[in-house]
Amino acid sequence: MKTTPTSRRDFLKTAATVGGGLWLGFNWYASEATPLPLTALDAAGLADAPLRFNSFLSIGSDGIITIFSPNPEVGQGIKTAFPIIVADELDADWSQVRVEQAPLDSKKFERQVSGGSGAIKHSWSRLRQAGATARQMLVATAASRWNVPATECTTSTGTVFHKASNRKLSYGELANDAAKQAVPTNVVLKDPKQFTLIGTSIPNVDNKPITMGKPLFGIDFYREGMLFAMVQRPPAFGLKLKSVDSSAAKAMSGITDVVSLKNGVAVVGKSTWAVKKAREKLKIEWEKISEAPLESTTDHDRLFKELLDKPGATVRRKDGDPDAAFASAARIIKAEYQCPLLPHSPLEPMNFFAHVRPDGVELIGSTQTPDRARGDTAKLLGIAPEKISVELTRMGGGFGRRLHSDYAVEAAEVSSLVKAPVKVIWTREDDMTGGSYRPACRYRFEAAIDAQNNVTGYRLRGVGINAGNPTREDNFPSGAIPNLLIDTHDIKSPVTTFPWRAPITNFLAFAEQSFLDEVATAVGKDPVQFRLDLLAQAKKSPVGAIKYEIDRMEAVIKLAAEKSNWGKNPAVKQGFSVYFSHNSYVAMVAEVVTENGKPVLQKIHAVGDCGVVINMSGAQQQMKGAAVDGLGHALYGKLTLKDGAPEQRNFDGFRLIRMNEIPEVEVHFVNNGKDPTGLGEPALPPTGPAVANAMFKATGVRFRSQPFVEQKGSVW
Amino acid sequence: MAKYTLQINGKRFQTEADPDTPLLWVLRDNLGLVGTKFGCGIAQCGACTIHLNGEATRACVLPVSAVGSAKVTTIEGLSANGDHPLQKAWQTVDVAQCGYCQAGQIMTAAALLKNNPKPTTEQIEAGMSGNICRCGTYHRIREAVALAAK
Chain D
266 MKTTPTSRRD FLKTAATVGG GLWLGFNWYA SEATPLPLTA LDAAGLADAP
316 LRFNSFLSIG SDGIITIFSP NPEVGQGIKT AFPIIVADEL DADWSQVRVE
366 QAPLDSKKFE RQVSGGSGAI KHSWSRLRQA GATARQMLVA TAASRWNVPA
416 TECTTSTGTV FHKASNRKLS YGELANDAAK QAVPTNVVLK DPKQFTLIGT
466 SIPNVDNKPI TMGKPLFGID FYREGMLFAM VQRPPAFGLK LKSVDSSAAK
516 AMSGITDVVS LKNGVAVVGK STWAVKKARE KLKIEWEKIS EAPLESTTDH
566 DRLFKELLDK PGATVRRKDG DPDAAFASAA RIIKAEYQCP LLPHSPLEPM
616 NFFAHVRPDG VELIGSTQTP DRARGDTAKL LGIAPEKISV ELTRMGGGFG
666 RRLHSDYAVE AAEVSSLVKA PVKVIWTRED DMTGGSYRPA CRYRFEAAID
716 AQNNVTGYRL RGVGINAGNP TREDNFPSGA IPNLLIDTHD IKSPVTTFPW
766 RAPITNFLAF AEQSFLDEVA TAVGKDPVQF RLDLLAQAKK SPVGAIKYEI
816 DRMEAVIKLA AEKSNWGKNP AVKQGFSVYF SHNSYVAMVA EVVTENGKPV
866 LQKIHAVGDC GVVINMSGAQ QQMKGAAVDG LGHALYGKLT LKDGAPEQRN
916 FDGFRLIRMN EIPEVEVHFV NNGKDPTGLG EPALPPTGPA VANAMFKATG
966 VRFRSQPFVE QKGSVW
Chain B
4 MAKYTLQING KRFQTEADPD TPLLWVLRDN LGLVGTKFGC GIAQCGACTI
54 HLNGEATRAC VLPVSAVGSA KVTTIEGLSA NGDHPLQKAW QTVDVAQCGY
104 CQAGQIMTAA ALLKNNPKPT TEQIEAGMSG NICRCGTYHR IREAVALAAK
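So the sequence lines, in the order shown, correspond to chains D and B.
Sequential numbering of the first sequence, starting at 266, is according to our numbering.
Sequential numbering of the second sequence, starting at 4, is according to our numbering.
Since the hints were derived computationally from the structure, they do not count as laboratory data.
You may find that some hints are simply not true.
[Said to hold, decoys possible] Calculated lysine to any residue pairs in the SDA-like style (CA-CA distance at most 20 Å, straight line):
no., chain 1, residue 1, chain 2, residue 2
1, D, 541, B, 16
2, D, 652, D, 695
3, D, 868, B, 132
4, D, 541, B, 46
5, B, 91, D, 684
Bear in mind that the values here come from a model prediction, so they are computed numbers and not experimental data.
Given only the sequences and the hints, what does the whole structure look like? Please build it.
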């Protein structure tokens, strides 16, 4: 059987006990072998090393700088981006930086979450402070050794210099003494012009272990003696467990236990394949949770249409007198848009390791919200959260699915019942049929147009399945239109929904930016100029609260128009969109050309404003990846229900975009020096509408629903 | 359960498994070779791609009993130090986002380049389109394959 590699653990122990040096609580790791099991308890002990601050870096006497990355890495590049910020302020030699994933530790870290594209915005100042603090301590140490004023010292690539006397000391030579310094409180941060790493392209710190197939991901975790488990969950939404006959499953080879959970049956055994086969032998009776019929997508479609004809149950925003504007309109433009449920489909299916012991609980695996996994496990077991450690692994994607704690809590439930360390694994079918979907939504947009072709009124009504508020009422064009009403309905359903990359806006942006294109077309305006005119209106006569920065939205629109040579080449049919979400701005131009008589999506120009770009390579990746993701799900994504049961169960029935289907994507960033915001989500929402608007230009066919591939007139 | 002797990455491994166990789970659960990933279990995503006698093969649908004396190569056996031209190209181009699919992508690309050392862009796309990257890193995968083929 496999052995547990020990180099990382040994490295840390060595660093903690022998290396000495400067401990500031960060510990990041970038080198070759990155085996998994450093236990959370080990790392917590390590972080208790003598000198620590709010954020956490250590410098060994060998000059190696180790930094803990506290936030979960889901592919957004945070494990590379965070250290870049610290290292830049520290003036570290990047080749000497090692990055280590920190476990959950809410005493030492804040917001250990991968969600909402919020990590960089939240941590920017804190990380800079961590680097700058250490740098100042190193400088003070060198200055005192040389007996010169600290102000005469400079730093660069891991070395303090005193140029006047031509002396220098490496950070490694200074680390032990620097560690004894009092922590300064008057730390000066760099002028952004002095950044040397921030804004450059730095490869993902895990590139090498990823390309070598090292055990980085939750599903790769293994511990001697651990058992495997699969859970049979209800086959349809609205059903619950009634009874189970597990005798045949228990009799299968390699099976150690079959246990009933709150709403499922877990088969536990010695290998993944054994538990999968035995699970098929379970004889389970399910019963309905209520008298209501099991829901189908056709039921949702009918309800959506009925509710959109009724005034919204909740008014989200009202400006001016929308009724009067519509009553006096020269004409009204109206359109409805609808999206289906979507599973998240991270390529690593849900799985988690749990070991519930009398003295505490260990949780290890892929989670975007370790704190939620811990809290919900504590609730289930009726123990204090402090009794639970959570170790974070690299995640094989999340897209919001791993913000949920269900699969981690389930692992703890199974472990507590069988009193053994257990890894619960979901199959792809379990994952796709297991709920937590992007809610299906339907929107009705209306625009009142006066005799001079001005937009005088705007109404948006949204309805969704467990969507809460399916609108973002303060987004553009709110603020630019004098009379506006946004209201919503929500349908409560046993079909579970959850945030899906760029929650709500992943489709709302499509609906809104397509509708604005329809209005621009109807009033005979260029779509770019139409948006700029609305923004000018919002600037001149703002209506109600405006929660986006008009100048920044204008800037991405203008740069996208410039970079795409907007409107200049009649052979290229262009579609435009712009969207503000998660504090960043993205404008897109999609281009359709005719090849062999057929319209083909050739290119997408994407312009982002996320303030300062931390890692140019990673930022480009997020923009391109989000465009591919947004396009793929707009083209193909659809999950339907029949009598409560999902009709798509795996990647044969649920289509994901592939390499031969992608357009060229060209990315630019606005360089405005503003404090950085996130990029994990903001480029996804504007992709669908840019493509649909371009296709409309090319074919005259307007897509109002997704997936595009099923719409009349689709060229796909 | 039956006993199997498998030729993997130039070494012989003895293991016990039910004959219908997919090679994927023998690699992962029995032998600790977890670089080969589970994505779909029905040969749709390519995350489990290995080489069987040099040909790209989906380990998730290959029963261990069908492997026989065929030579199996997994991502762990592609190079000892992560310096296969494709691994180096992947690192240079900075391909990975989450990284979960990339071992399978590299194994598919390695078989592709073995059969066609200088593929055109269209040939790369045709050869790589059986592998899903949920993060959408396709542009850089294509670039990395082309770089390794140079």
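For each hint, the structure was consulted:
1. D:541 - B:16: violated, 24 Å
2. D:652 - D:695: violated, 30 Å
3. D:868 - B:132: Between residue 868 of chain D and residue 132 of chain B the Cα gap is close to 19 Å, so the pair holds against 20 Å.
4. D:541 - B:46: Measuring from Cα to Cα gives roughly 17 Å; hence the hint holds.
5. B:91 - D:684: Distance of about 44 Å is beyond 20 Å: violated.
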